[in-house]
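Final position of the sequence shown in UniProt numbering is 627; the numbers increase by one with none missing.
If you are wondering where the hints come from, they were derived from the structure by calculation, not from laboratory data.
Be careful, since some hints might not be right.
To be verified - Okay, derived cross-link-like pairs now, EDC-like style, lysine to aspartate or glutamate, Cα gap no bigger than 16 Å in a straight line:
no., residue 1, residue 2
1, K264, E190
2, K443, D534
3, K488, D100
4, K183, E127
5, K196, D266
6, K485, E463
7, K261, E226
8, K485, D460
9, K248, E203
10, K261, E190
11, K124, D99
12, K519, E463
13, K63, D108
14, K528, E512
15, K183, E160
16, K63, E84
17, K368, E247
18, K124, D97
19, K519, D534
20, K485, D456
21, K264, E247
22, K196, D286
23, K121, E84
24, K38, D108
25, K488, D460
26, K121, E141
27, K98, E51
28, K207, E190
29, K345, D384
30, K341, D386
31, K528, D513
32, K368, D253
33, K73, D96
34, K261, E141
35, K443, E350
36, K368, E350
37, K443, E512
38, K531, D513
39, K183, E156
40, K38, D111
For clarity, every value in this text was computed on a predicted model and none was experimentally measured.
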Amino acid sequence: MEKPTVKLRLGDLLVQQNLINEQQLKLALSEQRNSGRKLGATLVSMGMVSELQLLELLSKHLKVPLINLSDYKINPNAVRMLPEIQARRYRALVIDDKDDHLLVGMSDPADINAVDELAAKLPKAIEVAVVSESELFNAYENFYRKTEEIASFAQELADEYEDDSEFQLTSGLSDDEDNLVAKLLQSIFEDAVIAKASDIHIEPDEKQLRIRQRVDGVLQENIIQEANIAAALVLRLKLMSGLDISEKRLPQDGRAQVTVKNHKIDVRVSTMPVQQGESVVLRLLDQSQGVLSLDKTGMPSDIMDRFRTLLRRPHGMILVTGPTGSGKTTSLYGALNELNKAEVKIITVEDPVEYRLPRINQVQINQKINLTFSSVLRTTLRQDPDIIMVGEMRDHETVEIGLRGALTGHLVLSTLHTNDAISSAIRLLDMGAPGYLVASSLKAIVAQRLVRKICDNCIDSHEPDQEQQVWLSQLQDNLSHYEFKKGKGCQRCNYLGYRGRIGVFELLQLNEDMMSALKNNDTDDFTKAAKCSDGYRPLAMAALDYAKLGITTLDEVMRLVEIVQESKPLPPNEPDKESAHNTDSLQAENEVSGQATNAPTIASLTDNQSDIDKPEPSGGFSLEDID
């Protein structure tokens with residue numbers, strides 16, 4: 001390997017190229033002595049040169065290539081040739097394995113000592129390239145996951161007890177084993193935080209243990225061959241969350257708190273007995289990010305203005321609906337954050353309490369002592385509240401008490417697990433609430449979903465395929481002039497083409513026609529009146545707006561429509577005659593897992609076509625998968 005050489009010091013080189021002057025160089029050198037950072041990083045942080053200018057200068061002067069890591073398809077096997085600790089020490093990354101050499105990206109290829117160390121530690125000759133330091137750190141987060149560390153701890157733990165695991169778990173783990181389990185779990189949590197996962201699924205199988213992470217609503221799987229360590233993980237998690245370690249036949253729910261990278265993470269723990277032991281699902285919530293304001297939830301401005309007007313009303317019920325993981329609680333907490341004032345008394349009844357909010361009286365449900373939604377809600381009405389938030393409308397009694405509370409001078413906020421706004425009101429009737437009570441108390445329903453956003457680093461034009469063209473042809477609006485987008489896949493998005501999610505909303509505000517239909521328990525007339533109401537725009541059309549703006553893909557819109565709409569197509573312009581009854585938990589799970597197999601129908605997409613271009617969505621969720 002021919003080493004890059006520097007004939008001039010970096011500062012002199014920058015002055016020679018007229019990128020900075022002597023006075024700026026002196027200021028930068030003084031700052032460098034105080035901060036201890038390298039001169040290049042100091043100059044960039046002080047705004048004297050851009051990072052790109054610096055990289056181009058180094059590339060030209062050292063005669064080494066300049067590589068954009070975001071666009072380069074990095075070889076994961078090559079990355080693993082250099083341990084993370086050494087990669088970070090030398091600010092380097094092995095990005096490719098050529099036939100006779102390794103391509104190594106460095107943020108400072110002029111560091112000859114680092115180049116020599118890398119050449120000595122790697123198994124092949126190396127070729128150096130210059131890369132952005134910020135892109136280098138992003139690559140560390142993406143490629144130096146904890147997968148190998150998890151596998152190593154799992155193997156070490158499995159070796160500690162192969163045949164007598166049940167005995168040891170009954171009598172308690174030894175100190176060494178307990179330490180290994182703690183390290184393994186810490187690695188699992190750290191890996192999930194790196195991946196920005198919302199949930200961790202620990203699922204025992206006959207011959208292996210599956211650890212799956214939900215990232216942007218889709219599960220990603222990691223297999224551990226040491227199946228016999230599953231019981232040790234479950235035991236430790238039960239101890240952390242205060243669950244009964246002797247009870248393995250019944251599901252249990254608990255809560256724990258872990259610290260990952262100086263962040264306190266709240267963990268909701270749910271165990272369930274399965275054929276090979278106990279399955280555990282861990283929902284992660286980073287408390288350090290705080291509660292989102294309504295402005296940051298991603299609601300389009302027209303829906304936001306109407307929603308805020310509804311929140312200012314002194315009484316009535318407002319529902320936020322959607323399946324698990326659609327961001328309902330994020331929206332409700334955003335609303336509470338806005339309503340939380342000294343002159344207003346707010347009581348919440350939750351299971352569990354997601355965020356601790358000052359000034360708000362929050363009650364945690366506890367089924368073991370019969371502290372249920374309905375029992376707490378009765379007492380809540382005697383506590384002179386102005387606003388009540390009920391975590392979920394789960395049964396007839398809770399629904400009726402909540403509706404009566406809304407009828408007697410309280411603003412009641414709550415959630416419901418339904419597919420869309422229209423089906424939510426009908427669901428209240430299904431749960432046994434009298435039609436007159438629903439009509440008098442229910443003021444509005446917000447339905448929402450999260451769709452994946454196209455990675456902004458690898459976004460590219462997309463020509464709809466035949467299936468998508470058939471789907472689009474069913475619309476009455478001409479969409480031929482829109483240029484749809486899709487992600488090609490890159491290092492930043494783990495080659496999936498998606499990065500992050502954004503909220504899709506619909507708001508149904510009840511009018512006289514809808515209230516009249518509810519009083520008569522006429523679900524058909526209610527559905528017709530809702531679809532024709534001013535300002536109502538279906539979820540599917542809101543999602544299509546995002547696709548037209550290049551924020552999401554047609555695949556994501558079609559997946560959402562597959563869940564929201566009925567499966568049977570209707571003739572053009574014929575109104576939907578069936579009520580959208582939906583209590584099917586499997587359908588809701590398919591929504592969050594992305595299981596859509598057939599081209600969706602768009603029967604009710606043809607409603608309100610004149611409004612197709614009205615709203616312009618903006619923003620997105622920062623806290624995701626919180627329900």
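Against the structure, the hints come out as follows:
Between K264 and E190 the CA atoms are separated by roughly 12 Å; this keeps the pair inside 16 Å, and the hint holds. Between K443 and D534 the alpha-carbon distance is near 14 Å, which keeps this suggested pair within the 16 Å criterion. For the proposed pair K488 and D100, the alpha carbon gap of about 29 Å is over 16 Å, so the pair is violated. A C-alpha spacing of about 37 Å is found between K183 and E127, which places the hinted pair above 16 Å, so the restraint is violated.
In summary, the hint linking K196 to D266 is supported, as the alpha carbons are separated by about 14 Å, within the 16 Å threshold. Proposed proximity of K485 and E463 is supported: the alpha carbons are some 8 Å apart, at most 16 Å. Between K261 and E226 the alpha-carbon distance is near 27 Å, which puts this suggested pair outside the 16 Å criterion. As the CA atoms of K485 and D460 are separated by approximately 6 Å, the hinted pair is consistent with the 16 Å bound.
The hinted pair formed by K248 and E203 meets the criterion: a straight-line CA distance of about 14 Å does not exceed 16 Å. Straight-line distance between C-alpha atoms of K261 and E190 comes to about 8 Å, which keeps the hinted pair within the 16 Å bound. Taken as a hint, the K124 and D99 pair is honoured in the structure, with Cα atoms around 9 Å apart against an allowance of 16 Å. A distance of roughly 48 Å separates the Cα atoms of K519 and E463; the hinted pair therefore is violated under the 16 Å criterion.
Between the alpha carbons of K63 and D108 the distance comes to roughly 13 Å, so the proposed pair stays at or under 16 Å and holds. As the CA atoms of K528 and E512 are separated by approximately 13 Å, the hinted pair is consistent with the 16 Å bound. At most 16 Å may separate the alpha-carbon atoms for a hinted pair to count; K183 and E160 meet this at roughly 14 Å. Between K63 and E84 the CA atoms are separated by roughly 27 Å; this puts the pair beyond 16 Å, and the hint is violated.
Between the alpha carbons of K368 and E247 the distance comes to roughly 15 Å, so the proposed pair stays at or under 16 Å and holds. At roughly 9 Å between alpha-carbon atoms, K124 and D97 fall within 16 Å of each other, so this suggested pair holds. Between K519 and D534, the direct Cα distance comes to roughly 21 Å. Violation of the 16 Å bound is thereby established for this hinted pair. A threshold of 16 Å between alpha carbons decides the hint, and for K485 with D456 the separation of about 10 Å falls inside it, so the pair holds.
For the given pair, K264 sits about 28 Å from E247 by alpha-carbon distance, which is inconsistent with the 16 Å threshold. Note on K196 and D286: the hinted pairing holds, with a Cα-Cα distance of about 10 Å set against a maximum of 16 Å. Of the supplied pair hints, the one linking K121 and E84 holds, its CA atoms being roughly 13 Å apart against a limit of 16 Å. Our distance criterion of 16 Å between C-alpha atoms is met by K38 and D108, whose separation comes to about 9 Å.
At roughly 7 Å between alpha-carbon atoms, K488 and D460 fall within 16 Å of each other, so this suggested pair holds. Simply put, K121 and E141 have alpha-carbon atoms about 22 Å apart, too far for the 16 Å limit, and the pair is violated. For the hint linking K98 to E51, the alpha-carbon distance of about 28 Å lies beyond 16 Å, and the restraint is violated. Of the pairs offered as hints, the one joining K207 and E190 is violated, with about 25 Å between alpha carbons and a cut-off of 16 Å exceeded.
Only pairs whose Cα atoms come within 16 Å are accepted, and K345 paired with D384 is accepted, the gap being roughly 8 Å. Taken as a hint, the K341 and D386 pair is honoured in the structure, with Cα atoms around 11 Å apart against an allowance of 16 Å. Taking the CA atoms of K528 and D513, the gap is near 9 Å; set against the 16 Å cutoff, the hint holds. For the hint linking K368 to D253, the alpha-carbon distance of about 11 Å falls within 16 Å, and the restraint holds.
Between K73 and D96 the alpha-carbon distance is near 9 Å, which keeps this suggested pair within the 16 Å criterion. A distance of roughly 13 Å separates the Cα atoms of K261 and E141; the hinted pair therefore holds under the 16 Å criterion. A distance of roughly 22 Å separates the Cα atoms of K443 and E350; the hinted pair therefore is violated under the 16 Å criterion. A threshold of 16 Å between alpha carbons decides the hint, and for K368 with E350 the separation of about 15 Å falls inside it, so the pair holds.
Proposed proximity of K443 and E512 is supported: the alpha carbons are some 11 Å apart, at most 16 Å. For the given pair, K531 sits about 11 Å from D513 by alpha-carbon distance, which is consistent with the 16 Å threshold. The suggested pairing of K183 with E156 holds, with an alpha-carbon distance near 11 Å, which does not exceed 16 Å. A hinted pair counts as satisfied when its Cα atoms are at most 16 Å apart, and K38 with D111 qualifies at roughly 11 Å.
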